[in-house]
Structure formats: structure tokens, C-alpha cells
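Participant: Residue strings, one per chain:
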Amino acid sequence: EVQLVESGGGLVQPGGSLTLSCAASGFTFSSYSYNWVRQAPGKGLEWVSYISSSSSPIYYADSVKGRFTISRDNAKSSLFLQMNSLRDEDTAVYYCARDPPGAVIGVSFDYWGQGTLVTVSS
Amino acid sequence: DVVMTQSPLSLPVTLGQPASISCRSSQSLVYSDGNTYLNWFQQRPGQSPRRLIYKVSNRDPGVPDRFSGSGSGTDFTLKISRVEAEDVGVYYCMQGTRWPRTFGQGTKVEIK
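Residue numbers (this note's numbering), protein chains in the order written: chain A, 286 to 407; chain B, 2 to 113.
The following block holds chain A by itself, in its conformation from the complex:
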């Protein structure tokens, strides 16, 4: 069974840092590309970042570029999101979502994790 399990969320002050993790199981992690998608409380979905199976290319939404860093560890079947200089507007549930193997432009988001809540507040 495909599983994606996010962790690392919590309460952080504005300007602070946090690292999210997404642990994968039930499939060959290294063959797939991944995304982070967030959802502010009561709001819609916003794509945040993408990393390909080879770790290149990597893309970011303009709203997080320069502050967030996506990475992966194939040996540990894990995806990460390092978040720095956090702002109030980064408060959201963060989901990891898998892309099927294939081109950078293609079918996307076939499996999602359950999400982890990040709250940025003083």
C-alpha cells in the first residue's frame, strides 16, 4: 500500500525555521518526483515546491522562493521541506504529493499524505 506520512509541523514564531519530512512506503521512492502543497485554514490548495526523481529540476512557488528548500533522501525514502524566515501567511497544512514516473510535465499528484500543520504566530 502506498503511504506518505508527513511530520515536523508545529508552532513557530515569525522569522523562525522549521523542517518538514514526508516518509514514503509501499513503493520505490527513488523512481518518483514529489511536491509540497499547502492549504491555509479554510482556504484552497496552493502548490509550493517540486523535486524531480533526479533532484533536478527543482521548482518553487514565488511566494516561498528564497525561503524554502526542498530535498530528498532516497536511501531513507524521505522528502523534506526546509522552511526559513517564516511568515504569518505560511500558516497552513502542508501535504506531500507524489508524481508518477515520467516527464517533468505530465500526470501529477496521484497520492497525497495526510498533512502536517504549521502555525506561524507570536
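If you're looking for bench data, these hints aren't it; they were derived computationally from the structure. Each statement offered as a hint is correct.
Simulated crosslink set (PhoX-like; lysine-lysine; CA at most 25 Å straight-line):
id, chain 1, residue 1, chain 2, residue 2
1, A, K328, B, K80
2, B, K56, B, K80
3, A, K350, A, K328
4, B, K113, A, K328
5, B, K109, A, K328
6, B, K113, B, K80
7, B, K56, B, K109
8, B, K80, B, K109
Some chain B residues flagged as far from chain A (calculated, every beta-carbon gap over 10 Å):
id, residue
9, S8
10, P9
11, P19
12, S23
13, D66
14, T75
15, S82
16, E85
17, K113
Being a predicted model, the structure only gives us computed values, none of them experimental. Each residue gets a CB set at the ideal place from its N, CA and C atoms; glycine is no exception.
Chain B: place on chain A using the hints.
Facilitator: Showing chain B alone in chain A's frame:
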């Protein structure tokens, strides 16, 4: 960025009746490989999103056949032939043809 516009944003429906959600993109979603990367997602209350439809009209495994997707270019539709209680939630369209990937605002489906 490609702007995805859904309508309506709220859709009260009677059980057993059909429902239709429109999604329009600000640019054509046809990619150079000839495919159109338009997905539909369902988010039930308190749950993670789940993909229902990919490449306009392809149902994901386990998705009931009462869900269907159609459209081309910039104009797309998700239809539910007969709404059931378990269909309550928010539905999002999303384009994967151009970076950044963008979602529609979401359409909340509720039972009258």
C-alpha cells in the same frame, strides 16, 4: 501564471441528481506532447485531497463511474451523474501543463 477559474463556488444538490462543475484556464492547457494536463481532485471534510480525474477525462482507480471529466483547450467540466452522500466536499481543478502548477478556487458540493 495560469489562472484557473471554477464555477460555481457553491453547489447545493439533491441526492440522486446530477451535478456539474466548470473550470476555465487563462491559457490553453495543451502541452507540446499533445496531452492536456488537467486534473480534478476531491477533498472530503477533514481529509486530504484525492485525485479523481487526470488528463481531462481519465478516472483514477477506485473512482466511481458516476464521475466524469470532459473538455479541451481552456474549458473543462467535472460531472457527477447522480450525487451520493459521500460526494460531499470541495472539488478542485488543477493544471499541470505549465509551471507553476495552479489550482482553481474550489467548489463546495453540499446536499440540499
